[in-house]
Amino acid sequence: MIRRVYLRLEGWYYVFVIVFVIGGAVLRNVNVLVALAGLMAAALILHWQLVLRSLSGIDIIRSLPSRLCAGDPLEVEVTVRHRGHRGSAWALEFTDYFQRVDPPDDDPVSEVKLLFPRVSAGQQLTRRYQCALSRRGVYRFSKAKVASRYPLGLVEGSCFLDMPDRVVVYPAIGRLNRRWSKLIEAEHSGQQSTRHRQGWSEGDFYALREWRNGDSRRWIHWRTSAKLGKLAVRQFEQRRSADVVLLLDLHLPGSASNQDLAMVEAVISFAATVVVELGRHGGASLGLVVASREIGHWFGSASPLFAQELLEHLSVCRASEGVRMFEAVDRLNSMQRGGAKILVLSTRSRDDAAATLDRKTRDSLKWRLLEQAVWLNGSAGELDAYFSLGEALPA
Amino acid sequence: MTAQHWLQIHLVALCLLGSLFVALSTRSLTAPLGVLAAGVLSIWFTDTWKWVQLNRMLGNLAAIGAVLFSLRDFLSYRNSEGQLLAIATLLVYLQVILFFQEKNARLYWQMILLSLLQVVVGAALHLGVAFGVLLLLYTGVAISTLVLFFIHRETERHTELLNAPLPVASAIPWKRLLGQSPAVRVEGQAEQLKSAFLSWALLRQIVLLMVGALLFSAAFFYTAPRHPSAMWSGPRGFTRPETGFSRSVDLQQMGELLQSDEEVMRVHLLNAAGKPLPQLDPYFAGEALPIYEIDERGRAKWVSIGMSGGFLREPQSFEQQRERGLRPPSSPADAITIHASMKHASESLFTITPAYREASTDEVVRMDASTGLLFQVIRPDGNNPTDFYFATTGIVGGRQTPIAPEVRPNFDPQEGRGKRELDLCRQWGRRQQILFPGIQKLADEIVASRNLPSRDPILIAHSLEEHFHTPGNYTYSLNLKIQRDPERDPIEDFVVNHRTGHCQYFASALVMMLRSQGLPARMVVGYRGSEYNKLGSYYMVRQRNAHAWVEMYLEQDQISEDAVAGGIVGKGGAWLRLDPTPSSDDPNASNNWASAARDWLDYADTVWGDYVVSLSQKRQEEALYGAFQGDDSPTAAGFSWATWQESFRTLASWFGVHIGGKEGGKIGFDWRAALTAMVLSALVMLLARVVRWFWPRIDWSQFAFWRPERGRRSPVAFYNRLEDLLASRGRRRRPAETPQEYVDHAVRELSLLHGDALRSLVAAFYRVRFGGDALDNTEAQAIEKALTDLERLPLRDAR
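Residue numbers (my numbering), protein chains in the order written: chain A, 5 to 399; chain B, 1044 to 1842.
None of these hints come from the bench; they were simulated from the model. A hint or two may mislead.
Unchecked claim - Listed below are the simulated DSS-like cross-link pairs for lysine-lysine, each with C-alpha atoms no more than 30 Å apart in a straight line: (1) B:K1318 / A:K117; (2) A:K147 / A:K117; (3) B:K1828 / A:K117; (4) B:K1146 / B:K1344; (5) A:K117 / A:K149; (6) A:K149 / B:K1237; (7) A:K364 / A:K186; (8) B:K1237 / A:K147.
Said to hold, decoys possible - Taking beta-carbon pairs under 8 Å as the criterion, some of the chain A residues facing chain B (in silico): (9) N35; (10) V38; (11) A47; (12) D76; (13) P77; (14) Q127; (15) Y133; (16) I177; (17) L212.
What the hints assert, rightly or not - Calculated from the model, a selection of chain B residues having no Cβ within reach of chain A, i.e. all distances over 12 Å: (18) L1076; (19) W1092; (20) A1148; (21) L1178; (22) F1192; (23) E1197; (24) L1258; (25) F1288; (26) E1339; (27) G1441; (28) P1452; (29) R1473; (30) H1512; (31) T1543; (32) T1719.
Predicted, not measured: the structure shown is a model, and the values here were computed from it. For glycine and all other residues, C-beta sits at the position ideal for the given N, C-alpha and C.
From just these sequences and the hints, can you work out the full model?
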């Protein structure tokens, strides 16, 4: 803990006034001004001491979640404990510093200040703050400052505390609509697909909910609907799960506009939402290939835990102008099992992506495999059909 | 009330105190009342209701107007005091303008600074003890104002984030996706935050801060090095028609004279044993005025012969008196030391006659060879002392002798300057007979009516003096709004016509009567009838004690042996003091409590004046550094008890404890008592520390036997102990809580780690208390362990 005490600007003005009074006392031999200067100097010195006392015997505990989704409020709880046996720590100002460190974008350091009016000896005081982090990534809470300017505000004492904490902010999770379900469930004629049947019809019943447009009339639970006076339908565990492999084509033009950047975020959010959705239902295999300057690929059984792992990767992935597409397809091919549905989530059209490849590569079998995949081009507004963040996606 | 309300009230109080510093010198309550009214009105109209709020532009314009207005006053004054007063008034105007502006941190700082400047200006205008009292008050209010201002600023800064709504996602899609800078919302209520500071603990902090500041300031003040030149002791530029000493007497004054309470000097009269001489009514002579003249404007005046270089003499000492063959005091024990501390350095010195030089007499003191009185030579740099030591033999047997021997070594009534001076004192020619026919006639009648056996000058003088004392003959009054006869000389007019006047008229009349009888007489001006302060053992001489009396010259053979108790009349003769002014009764004299209060006030003023306002380098060295300096320093050349004694004596005298005399008196210091006091003090401090350490660690439940319902013998004593322990750690049981709820809440609120053990304890309590069971050994041990663990937690205030 590094502790330092220094005069604030007001303190320097105050010292100037003391010097002025002492000057008057010396030049005119006025004893009363010596006394006045003494009083003023005494107040400053005692102030100095009180500031040091306020900072001694203080423990700070900060607790915060380690992960959350972009847009969700980050709740931080700070507790100040006074270890001393007497006296109080007055007007402690706790300053929390945090910064998004991954992806590294030179984000500014943000700070939050909390005031603890008085912490008596042997007691503790807790205060909370919420922070809306709307950008995905890894945020580092590296240090914190606790300061006191009590009682006059002329002198500030502060100490920096090493309180390393890390918060991963996942991409914003949106809502997949019914068309998405149909897309996943659709039986593509002529294609092989792996299906895991679960149950005899719609799946295992697990809850009731209100009726929505598009719900099958067969799902209506008539007895409950009669009781409630409105339609209630049964919900089932997913009847069938298909193996899904997602390929994120994070291409960003050389001179990217805000619209382009937003498109990348939209594609990542879509992917994150799909991962969460598939992980929640489980039961199938899930693969993810992130194509950018670097290629990342992960494959496993869809589960909340695996989804969380994928979200961690999605929260730090970056777009690039030079996407190594063919290598990505190579990875995709390696994890593609027979019948798995391949979804390409891209910021460009299939043709634009193909245009970056030479003819030989385009004609390869691997590339053809990709041509058979579902290609959702975000820049063409194709994501809107399946997904929303509550509002329209950028056109 | 919020911190801001307290701040506003304190700020008004601070500005009010600042303006009172100015009011001390102006003696007018206009400024403080104006500040008070403006402050109170601004709290309501500007800060609360916001009806009147000068914007910055208007405020600046008003300030410029105030500066121009004050500039006119400033330029109209010729002296620096008046100009300072104009500045002080400007500060008041600026404060009033600031009161009616919207308050922010800058404005608060400005107001605090203005009030501080008022103190600085006030320090140059008035330095009485009232200034010290106000400074104490000001310190307290200023510290609390600064603390409240700090709380106000801090809470305002942090209130902005309190419960601020987190931003709604932007309606613009790309903005929403790219994110915005992190928005923050702090939980809490603004009012809670503000009121969290306002507590008794804060008041205690402010008081401690103030006491600490005063102690530090005292140490700083007394150890800070001083310049050898004299300290500033207040302005002297304001002249008012008040009573007071003057080196000449003008009998043409009209109107009413005001009694001035301004301090002139404090006089310690100490006998050879160093004991003070109380309850005298001493005459302190300042100037002798033998010449009565009427100037070209027709103004009647008494003036002195005048001083010139040739007439300056070293003051005489006892030894010189002996060498001249005069009869010295019968023993040194007859000599009385006069220690006069003058408020301001002045040319005139005031002593009891006859006054002699002694060892401590400053070198600037000279004797006026034309009068025999003492004065000081003003140095070119004006850096003259204000403390003087003289010796006198004019007090014998506890009273001032009426006859003072002539001390001038070359004074000869028969020739030279002595003769010429006495001729002036005897001057009664044809002109005087024309001017004062009534006086001559009256004096003749008085002397004739007494049927004196001889022309004994002393008897004649006392007869004439008695005439003025006879009730009904004359009226003493400071109000000179009387019907005067402009055709008559003022003295003749006084005796023949109105017979109303003050001491100067009485003295003038007696001088003329004595001269009409051929007796040499002169008027003497100085002070008489000072107040004796029992606390400080000194005489307080004020301007209202200014007095005029008469001295008649007696030749050596006109004085009997026993007429002069001091017995030192030589061939130079002596002067007989006569005071024709009837005594005026002081209505407060008999009022004991008023007199005591006056003594306290005077003494406080004295201490303030001596040890704050006029603390000089010399005094500082005497009391603080003396013991550590010089060859006889205990550290430099072995232990010097005498040096330490002297330092201790001086230091004690600062606090009104006068130990021993100046001339070798013994210090009443008992080392056994000092040692005992030191040991006792150390023991008390040690005991206090031990009690302070033990107090929180005492298990008070062991002493609860006198509380039957909570006694140890109760089968549920363990639960009572638990309640005590939890209460002393900040959580009392609330009335509506069951024991189980109480423990659950306490465990949660105090974050206790051994909550399960405590819950088991409560379960055991229920079983014992309501089920009639007894605890087995294992349970009792577990409960004891839980309670012991709880005892180890730190104490805190109960909520």
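Inset, instruction - Return the numbers of the hints above that this structure violates; sort them in rising order. - result: 1, 3, 4, 7, 12, 16, 17, 20, 21, 22, 23 and 24
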